[in-house]
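If you read the sequences in order, they're chains W and S. Under numbering that gives the first Met the number 0, think of the first position of the first sequence as 0, with each following residue one higher. Under numbering that gives the first Met the number 0, think of the first position of the second sequence as 0, with each following residue one higher.
Source of the hints: derived by calculation from the structure; they are not laboratory data. In this text, a Cβ means the ideal position worked out from N, Cα and C, and glycines have one as well. A hint or two may mislead.
Computed spacing ranges between beta-carbons, pair by pair [as the list claims (entries may be wrong)]:
no., chain 1, residue 1, chain 2, residue 2, range
1, S, 24, W, 30, 35 to 43 angstroms
2, S, 137, W, 75, 37 to 45 angstroms
3, W, 114, S, 253, 28 to 36 angstroms
4, S, 24, W, 45, 16 to 24 angstroms
5, S, 164, W, 6, 15 to 23 angstroms
6, S, 137, W, 103, 45 to 53 angstroms
7, S, 225, W, 145, 54 to 62 angstroms
Output of the computed footprint for chain W on chain S, the stretches with three or more beta carbons under 8 angstroms from beta carbons of chain W [unchecked claim]:
no., stretch
8, 4-16
9, 87-97
Short, incomplete list of chain W residues facing chain S, as computed with Cβ under 7 angstroms [to be verified]:
no., residue
10, 3
11, 43
12, 67
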Amino acid sequence: MSKYFGARAAVVDLDLKIPAGLCFAMLGPNGAGKTTGLRMIYGAARPSAGSVRVFGLDVARNPRAVRARLGVTLQENVLIEELSPVENLRVFGRYHRLPEKRLGARVEELIDWLDLRSHAEVPVAALSGGFQRRLAIALSLVNRPELLLLDEPTTGLDPAARQLLWARIRELRAAGTSIVLTTHYMEEAERLCDRVAILARGRCVCEGAPRELIAERLPREAVEVDCSAQDERRWFTAPGSPDRRIRTGERLIVYAERAAEVIERIRRSDGGELRPLVARPTNLEDVFLDATGTVLRESG
Amino acid sequence: MNLSLPYAWSVWRRNATLYLRTWQWNLLPNFFEPVLYLTAIGIGLGAYVSRMDGQTYIEFLAPALVCVAAMNGASFEVTYNMFVRLNMRRTYDAMLTTPLSPDDVLAGEMLWALTRVCLYGGGFFAVAALFGLAPLPRSLAAVPLIPLTGLLFAAIGIVFTLHIVNIDLYSFYFTLFVTPLFLFSGVFFPLEERLPAGWLWLAEALPLLHPVRLARAIFTGRLGWIAVWDLAYMALVTPLLLGWALRKARRRLIA
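Let the hints inform the model, and build the full structure from the sequences given.
Take a look at the structure:
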């Protein structure tokens, strides 16, 4: 599918097959087309070209049938601030036409499951950001969706609140709910998701399981070090130098199968001086940098 | 059309739930406004007016103010309140993550605006009746004009709301549209006596003129053929505007 707003391309030829029962991430920086992609999945945006099928149904033709079976947490919390979490959930449940009795039971269940009990009857305006986010997610679960779409579920949350949400998302996934989320946190995609699609400027640049993407595209380890361009040339001119490097300002990231060899090369060249550096496993962030073409490739 | 009344009803219930929480702040100002006009102008200014069309001035004013109450009730709901739901609180974005269609959302909002119209218009009618200004039972025939006027002005306001992106433009809507209508639609004086004959046909375009003329004719029991034109105007213009609102809502809500 593609989506244009006037001359601006928000999504270009995005072609994804998302298997049921998995947790799938659309990963990318702000403006990459993640939200527009998500909106097309649940039919709130119409593709300029192409089509979307959810549960085997064309969303544009069967929006009601599709949306009855999915839940969406929008990027911004849309809550009725004057009402309590319980009242918000009831209002939302009615959009799904849940019978009042079943709705009542479901509301209680969600209040407990997302740890909202202590503030269940307090106006939403008085709740903290973490509470409000959990309530927004509770709203999207009120109809027991088979597919949950989460637009940046943990942006702006503190680490504790983020961990709690991650645990809940894992539980949902374990219980068989399919999940599609957007995020610009590489860590979130890596730790939570079975598969990721990396988006940049409206296009999907690569897609696969996080571990596989990393293994396919880059050596296993990375060394980060602050240095000048001269330092870099001095360290890596000898034959057999690692040729996968990215520079952002003063920061240089060097990829190699064994970080220790890179460190040793730097130390030797520095004449034993202990320059601060970080060695770590290669991660999705590196894949993103590589895939969007910002990796400096130099043959030695 | 992709309209389901039970879904539209859930939109109505959302607004009603919120309204019940804050009704003290909403109900009173809107309700008192026409009552204030009635007393200040009807009793105050009216004391200097001997007879108006064969009635006391306050009797002349009362049926028109029923329609004004309906116009105001509709206008306030579908302007600022709806703008906030559409653009600021993103209420409709959230609704469209559920089985609700844009048609359901619009219908629910319309039903809700009509509910408030009936509260204000009906409330004012009751006050007028209490003061003996609505001759019973014949003035009861004017009660259906309350939702009809409300529907017309809700449609106008919704079309405006769906087209603007800046909430400040409502000051134009009220100062250049609603207030002039209020002043020049035959509410305070018979238009045909003060307007040069050559301009009278133009006044027929004013949407508030028609319910006001109908209401007054019903209150005084002097229904003439012009009532057919007044009804026809409302029966034609309202659906046209509703169709416009619907097309625009679909485009606004599903981008």
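Using the C-beta atoms of residue 137 (chain S) and residue 103 (chain W), is the stated range 45 to 53 angstroms upheld?
The hint (45 to 53 angstroms, Cβ to Cβ) holds, given that residue 137 (chain S) and residue 103 (chain W) are roughly 48 angstroms apart.
Does 16 to 24 angstroms hold as the CB distance between residue 24 (chain S) and residue 45 (chain W), or does it fail?
Given about 39 angstroms between the Cβ atoms, the range is violated.
Closest C-beta approach of residue 43 (chain W) to chain S relative to 7 angstroms, hint status:
For residue 43 (chain W), the interface hint holds, since the closest Cβ of chain S sits about 5 angstroms away, which is under 7 angstroms.
Are there at least three residues in the stretch 4-16 of chain S whose beta carbon sits under 8 angstroms from a beta carbon of chain W?
Satisfied; 7 residues make the cut.
Is the hint on residue 67 (chain W) kept, meaning its closest Cβ partner in chain S is under 7 angstroms away?
OK, holds: residue 67 (chain W) within 7 angstroms of chain S, min 5 angstroms.
Can the stretch 87-97 of chain S be counted as covered by chain W under the rule of three residues or more with Cβ-Cβ separation shorter than 8 angstroms?
Contact hint for the stretch 87-97 of chain S vs chain W: holds, 9 residues under 8 angstroms.
Given a hint of 37 to 45 angstroms, does the C-beta separation of residue 137 (chain S) and residue 75 (chain W) actually sit inside it?
At 53 angstroms between Cβs, range violated.
Going by Cβ atoms only, is residue 3 (chain W) closer than 7 angstroms to chain S?
Cβ of residue 3 (chain W) sits 11 angstroms from chain S, so the hint is violated.
Starting from the hint 15 to 23 angstroms, judge whether the C-beta atoms of residue 164 (chain S) and residue 6 (chain W) obey it.
Between residue 164 (chain S) and residue 6 (chain W), where Cβ atoms are some 19 angstroms apart, the hint holds.
Just to be sure I understand the hint, the distance between the Cβ atoms of residue 225 (chain S) and residue 145 (chain W) should be within 54 to 62 angstroms; is that true here?
holds (60 angstroms)
Outcome for the supplied range 28 to 36 angstroms, where the beta carbon pair is residue 114 (chain W) and residue 253 (chain S):
Between residue 114 (chain W) and residue 253 (chain S), where Cβ atoms are some 35 angstroms apart, the hint holds.
Holds or violated: 35 to 43 angstroms for the Cβ distance of residue 24 (chain S) and residue 30 (chain W)?
Holds, since residue 24 (chain S) and residue 30 (chain W) (Cβ atoms, about 40 angstroms apart) stay within the stated range.
The earlier numbered hints that this structure contradicts are 2, 4, 10.
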